[in-house]
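K.L.:
Residue-level listing of the chains:
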Amino acid sequence: MMVGKKKTFIYILLVIWSIINLFPIYFMFTFSLKGNDEIFGANIIGLPQHWLWSNYESAVKTGNMARYFFNSLLVTVVSIGISIIAAMMATYALTRIKWRLSKLATAFFMLGLTIPLQASIVPVYVVLSKLHWLNKYSTLIVPYSAFTLSMSILICTGFMVDIPYDLDEAARIDGCSLYGTFFKIIMPLMKPALSTVGIYAYLQCWNEFMFANVFISDSKHRTLPVGIKELSGAYTTDWGPIGAALVIATFPTLIAYVFLSRKIQDSFIAGAVKG
Amino acid sequence: MERDKSVKNQKTKKEFQKGLAVFLFLLPGLLLFVSILIAPIAVSLYRSLFDWDGFSEGTFIGLANYGELFTNGSIKFMISLKNSLILALFSVFIQLPIALLLALILGRKPKGERFYLTVFFMPVLISTVVIGQLWLKIYNPDYGLLNRFLDAVRLGDWKHVWVGDVKTALGSIIVPTIWQYIGYHMLLMYAGVKGVSPDLREAAMIDGATKWQTDRFIVIPIIKPIIRVSVIFAVTGSLKSYDLVRILTDGGPYQLTEVPSTLLENMMFLRNRYGMGSTISVMLIALCFAFALLISAAFKEKDN
Amino acid sequence: MEKKRLVSMLLAGVMTLSLVGCGDTAAPAETGDNGGAEATEAGADAGAADASAADAGAASEGPISLKMWCIATESDSNRHSYEAAIEDMKTAYPDITFEWEAFENQSYKTKIKAAVSANEMPDIFFTWSCAFLGDFVAADKVYCLDEAYEKYKSELPEVMLGNSTYDGKHYGVPLTMNIVGLFANMDLLKEAGYEEIPGTYDEFIKCCDALKAKKIIPFGCAGKETWCVTEYLESVIEKSAGADTLNDIFLGKATWNNPDVGSAVDTFQKLVKDGYFDPSGVGLTNDEVKNNFIAGKYAFYMNGTWNCADFANNAEFFPKVKVGEFPVINSDKSKLGQLIGGPSDTLAVSASSPNAARAADYAFELGKLICHYGYLDGCGLPAWTPYGDTSAVNPLTQTVAEIVANADSMVLFGDTAMAADDANTYLSYVDQVYGCQVDGTQFIEGLAKDIR
Chain A
-13 MMVGKKKTFI YILLVIWSII NLFPIYFMFT FSLKGNDEIF GANIIGLPQH
37 WLWSNYESAV KTGNMARYFF NSLLVTVVSI GISIIAAMMA TYALTRIKWR
87 LSKLATAFFM LGLTIPLQAS IVPVYVVLSK LHWLNKYSTL IVPYSAFTLS
137 MSILICTGFM VDIPYDLDEA ARIDGCSLYG TFFKIIMPLM KPALSTVGIY
187 AYLQCWNEFM FANVFISDSK HRTLPVGIKE LSGAYTTDWG PIGAALVIAT
237 FPTLIAYVFL SRKIQDSFIA GAVKG
Chain B
17 MERDKSVKNQ KTKKEFQKGL AVFLFLLPGL LLFVSILIAP IAVSLYRSLF
67 DWDGFSEGTF IGLANYGELF TNGSIKFMIS LKNSLILALF SVFIQLPIAL
117 LLALILGRKP KGERFYLTVF FMPVLISTVV IGQLWLKIYN PDYGLLNRFL
167 DAVRLGDWKH VWVGDVKTAL GSIIVPTIWQ YIGYHMLLMY AGVKGVSPDL
217 REAAMIDGAT KWQTDRFIVI PIIKPIIRVS VIFAVTGSLK SYDLVRILTD
267 GGPYQLTEVP STLLENMMFL RNRYGMGSTI SVMLIALCFA FALLISAAFK
317 EKDN
Chain C
871 MEKKRLVSML LAGVMTLSLV GCGDTAAPAE TGDNGGAEAT EAGADAGAAD
921 ASAADAGAAS EGPISLKMWC IATESDSNRH SYEAAIEDMK TAYPDITFEW
971 EAFENQSYKT KIKAAVSANE MPDIFFTWSC AFLGDFVAAD KVYCLDEAYE
1021 KYKSELPEVM LGNSTYDGKH YGVPLTMNIV GLFANMDLLK EAGYEEIPGT
1071 YDEFIKCCDA LKAKKIIPFG CAGKETWCVT EYLESVIEKS AGADTLNDIF
1121 LGKATWNNPD VGSAVDTFQK LVKDGYFDPS GVGLTNDEVK NNFIAGKYAF
1171 YMNGTWNCAD FANNAEFFPK VKVGEFPVIN SDKSKLGQLI GGPSDTLAVS
1221 ASSPNAARAA DYAFELGKLI CHYGYLDGCG LPAWTPYGDT SAVNPLTQTV
1271 AEIVANADSM VLFGDTAMAA DDANTYLSYV DQVYGCQVDG TQFIEGLAKD
1321 IR
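Chains as they are written, first to last, in my numbering: chain A, -13 to 261; chain B, 17 to 320; chain C, 871 to 1322.
Since the hints were made in silico from the structure, they are not lab data. Quick reminder that beta carbons are idealized off the backbone N, C-alpha and C, glycines included. Mixed in with the good hints there might be a few duds.
Unchecked claim - Covered stretches of chain B, going by a simulated chain C footprint (3 or more residues, C-beta under 8 angstroms):
{"id": "1", "segment": "78 to 91"}
{"id": "2", "segment": "175 to 186"}
{"id": "3", "segment": "217 to 229"}
{"id": "4", "segment": "250 to 259"}
{"id": "5", "segment": "268 to 278"}
{"id": "6", "segment": "287 to 297"}
Claimed, not checked - What follows is a set of in silico ranges between Cβ atoms, one per label pair, in the way DEER data are often shown:
{"id": "7", "chain 1": "B", "residue 1": "G35", "chain 2": "A", "residue 2": "I71", "range": "41 to 51 angstroms"}
{"id": "8", "chain 1": "A", "residue 1": "I71", "chain 2": "B", "residue 2": "D173", "range": "30 to 40 angstroms"}
{"id": "9", "chain 1": "A", "residue 1": "A52", "chain 2": "B", "residue 2": "F109", "range": "39 to 49 angstroms"}
{"id": "10", "chain 1": "C", "residue 1": "N1225", "chain 2": "A", "residue 2": "L240", "range": "22 to 32 angstroms"}
{"id": "11", "chain 1": "A", "residue 1": "L87", "chain 2": "B", "residue 2": "V23", "range": "38 to 48 angstroms"}
{"id": "12", "chain 1": "B", "residue 1": "E129", "chain 2": "A", "residue 2": "F245", "range": "15 to 25 angstroms"}
{"id": "13", "chain 1": "A", "residue 1": "L(-1)", "chain 2": "B", "residue 2": "A219", "range": "44 to 54 angstroms"}
{"id": "14", "chain 1": "C", "residue 1": "N1183", "chain 2": "A", "residue 2": "L(-1)", "range": "22 to 32 angstroms"}
{"id": "15", "chain 1": "A", "residue 1": "K249", "chain 2": "B", "residue 2": "F86", "range": "46 to 56 angstroms"}
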C-alpha cells in the first residue's frame, strides 16, 4: 500500500516535470501560427483557430531563417570536426606518449573549461580583422573550435585511457611509428568518442551569440541566434513571425533529437562517465 | 665504448623523434588554444592597466581601473558579482538537487524511463536566444502567459511586470536558466547512477535498506566525482551567464540585474572603455579559476 | 500650392534657428543664419538637385565598389527612404557598386565600435552626431568632408553641420533632424474634458489627474530602453532650469551639481510617484510602448518626432493624434520654444576607405536623397534644403516644423551630446531616477562625482 502510494507520487512528479518541459515548446508552436488578435485575445494557449502559415513566410522571407539555419549548421559541423581532430591528436600526445611535462600540458588545456569567451572577443576581433578574416564562415569556425577544444580533450582522454596500452606496444613491435599507431590503431578505436564529443561541442557552438554578432556583419554569413535577435527586434509587437522563427530554429534539431535520442543520450552519458 | 656511444646516440635520436611527434600532435590544438584563448587573456591583462577607448592612444594608469570598479557609482560591478553569485547559489542548491532527484528516480527504471529522459533533455538542445525570446513572451506584462494565467485563476494581485520589477527581475532570469540546464545535469548524474553496479544495490536492499537509503548511502557517494563536475560547471556557468540576461532584462531595471559579462560588453562597446572592459574580464577569469579550485578543494576536504 | 509654400516658409524658419552646437564648435551656429534662409528659396525649385547629382556622377574615374552600414532595418521607419535613395543613386552612379547592410540599433553600436578599433570600417557608415562620431574623429578614423562639402554649400546649410563639426572641420552628412514631441491621443483627452493639449504646467497636471480619474493612464514610457526615459526627463529639466543651463551641463561646461536640476528631477519623479506612468512600462521596449499608445492605452507619449511617420501610416489612429510642446514649468528660467533635439542621424566616411574622396561625394548625394525621402515619409525634418513637391508631407510633421520654426533654442539629446562613457553614466542615473532609487539631490551629486 505504502509502496503503491510512493510510486504514484513519483509518476505524478515525472509527469508534471514533463509538462513543464514540453509546454513552452507547445506554446511556441501554437503562437507561431496565430495572429496577434488570437494571442492577445481569448485564445492564448489553445490550438490556432486560423492556421496562419504566412507567419512562416515572413520569417523565411524577411527573416531569412532558412539561410541562417544553414549557416549555423555549417559552422557548427565544421567547428566540431576541427575540434575533434585537434583534440584527438592532442589527447594522443598527452596520454599515450610518455614525456615529462604531459601532466602540466593537460592542466594547461583544462584551463579552457573555465575561461569565459567574452574575455577574448576584442583581442580576437582585432587579430582577425588585421588578417582580413572577417565575414567568412571560418571567422566563427576557428574560435568555436578553440573554445570547444578543452571539453573535447577531456572527453577524448576518458575514451583513450580505456584503450589498452598493449595495443600500442604490439603495434610498435610490429614496426609502426608513433604516427602509424595513431592513425591505424587509435583513430579507428576512437569512433565511439565522436558522437560524444560532437554533442558537447554542439551545445557550445549552436547557442553562441556574442562572437557571431560582432564578427559577422554581412547577412550572408549570419547565424541563427543573431538572425533571431534581429528578427525579434524587427517584429517586437508582432508575435507570430517571431514564433515562426523560433520554431524554425528549434524544431529541426528537436525532431532529429527525438529520432536519435537513444544514441544521443548514450553518447552524452559516455561523456559523463569517461570525463 | 663504441657501442655505448651508438646506443646513446640512438637514444637521443629516439628522444628527439618522440619530442617531434609530441610537438606535431599537439600543434593544431595548441595553435587554436593559444591564439584564441591564451594570447587574448595576456592582452587583456596588459590592457587592463590602461585608460583606453579602443581606438586612440591609451594612457597607462596602473591599477586605477581595478580601484574604480568598486568606487564608481555607475559601474555596478559589486551588484553584478552579487547577481552571479545568487545565480550560482540557486544553481547549486535548487537546480542540482532537482537534477539529482530526477536522475535517482529515473535510475530506478520507472515505466517510460526513456521517454522522460528524452523530454527532460529537450530544453538543453534549444538555443539560449530562442529560450530567451520564448520566456519574454511568457513574461510580457500585458499579453504574457504568466500574467494571463494569474488573471485566469483569480490571483491578479500576484501579477508583476516580471522582467521590469525590482523584486522579480532577477528571479525571472534565474527561472529559465535553471529550467534549461536541469536536463543537462540530470543526464550527467543519470550516467553515474546507471554506472552503479546492481549487485551493490541488491546487497544493500538485502541488508534492509530502503530505496532512499540505498540512494543516499550507496549511490550518491559513488557518483560524487560527477556531482563535483556538475557543481563546477554550474558555478562557472553562472559567473559566465550572458545570453539570457541580455535578452530578458538587458541588465535592467536600473542595472540591478547586470552580470559581469553584460557589464564587460557595455564597457567595451557602449562606453568606449576598453581598458575597463579588460579589467572586468581579468576579474572574471580570476573568479572562475578561484571558484573551480575552491570547489575541487571542498570536495577533497570532504573525502578526507 | 498654398500648402507647399507654407511648408517651405516654415522650413526657412528652421534654417534660421541658431542650433546649439556640439562640444568644441561654436562658430558654425552663427554663419548659418542668413545663408540658410536664402538657400531655402533657391532650393524650392525642383530639379536643381537632380541636375547636380548627374554632374557629380559624370565626374567619376572608373568603377569602384562602396560599402555602407546603417541601422535602417526592415522595421525601421527610415527603411523606405534608404531604399528609395539607394535606388536613385544606382541610376546616377552606374559605375559604383554599392553594397549596404542594416543592423539592429544596439548590435550596431557594438559592431561599429569593434570595427573602428580594428580599422575594418565600411566606406560609409551611419553614426549619431556629436560625441558618438566625435570619439571616432578624435582617433583619426573619419575622413574630413570639408572639400566635398564645398559643392553642397547651397543645398545644405552649414548650421546643420554643427553637431558633426570638430575643431572647425566637418565630418558628417546630416540626414534628418528631430525633436522630442509631446504626442497626445485626443480621443482620450476629450474623455477627460480637454479639447487641446494643455498649455500650462498646472493645467497639464490637472489634465493628468482628470485622465487618471477616468482610469486612463497619462504616460507610456519604455523603461527597458533608458533613452525613452530621457525624452521625458530632459524636457522636464529644460522647462524647469532652462535650455542654456542644461546645454552647458551636457557639454561639460557646467557641473551637474545644480540645485535647479535637482528639483527638476524631483518634479519628474513626482510624476512617476503620482502614478502618471504606466507601471508595465518598465518591462517594455519602445516599440511595445508605442504600440500601446496607438492602441489607445495612454493619453500622452513623449518621444522623437520621427514617430510621425508611423502614426501617419496608421489610417485609423492618425486622426486622433496631435503633437505639441511640453509646457513650461518654471517661467523664470525657461520659456516655450526651448526644445530638445537637433540633427543627429548622420552619415560619415571612414578615413581608411581606399576611395574616400569619391565615397564622400557619394555620401553627400545619398544623404540628400535619404533626407528628401525621409522628409516626405514624415521621418523628421530635413537637414537639407527641401526640393520638389513637399505638399504630401503629413500634417503632424508640418506641426513639428511649425514648433521648430518658433523655437528659441535647442538642446541636443543628452546621450548624443555626451561622450559614450559619460552618456552611459548619465543613462544609468536616469534609470535609477525612473525607478525611484535615487532622488534629485543624489542624482546631481552622483553625476557630478562619477562623470569624468
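K.L.:
Are the hints correct? Go through all of them and say.
P.N.:
A quick look at each hint next to the structure:
1. 78 to 91: Answer holds; 3 residues pass the 8 angstroms Cβ test.
2. 175 to 186: holds (count 6)
3. 217 to 229: violated (count 0)
4. 250 to 259: violated (count 0)
5. 268 to 278: Contact hint for the segment 268 to 278 of chain B vs chain C: holds, 4 residues under 8 angstroms.
6. 287 to 297: It holds: at least three residues are needed, and the segment 287 to 297 of chain B offers 4 whose Cβ sits within less than 8 angstroms of chain C.
7. G35(B) to I71(A): 41 to 51 angstroms: With a Cβ separation near 22 angstroms, G35(B) and I71(A) fall outside 41 to 51 angstroms, so the hint is violated.
8. I71(A) to D173(B): 30 to 40 angstroms: Violated: the Cβ-Cβ distance is about 59 angstroms, outside 30 to 40 angstroms.
9. A52(A) to F109(B): 39 to 49 angstroms: For A52(A) and F109(B) the Cβ distance comes to about 43 angstroms; the hint holds.
10. N1225(C) to L240(A): 22 to 32 angstroms: Because 48 angstroms falls outside the window, the suggested range is violated.
11. L87(A) to V23(B): 38 to 48 angstroms: Since L87(A) and V23(B) have Cβ atoms about 25 angstroms apart, the given range 38 to 48 angstroms is violated.
12. E129(B) to F245(A): 15 to 25 angstroms: 18 angstroms, holds
13. L(-1)(A) to A219(B): 44 to 54 angstroms: Violated - the Cβ-Cβ distance for L(-1)(A) and A219(B), about 28 angstroms, lies outside 44 to 54 angstroms.
14. N1183(C) to L(-1)(A): 22 to 32 angstroms: Violated: the Cβ-Cβ distance is about 52 angstroms, outside 22 to 32 angstroms.
15. K249(A) to F86(B): 46 to 56 angstroms: 50 angstroms, holds
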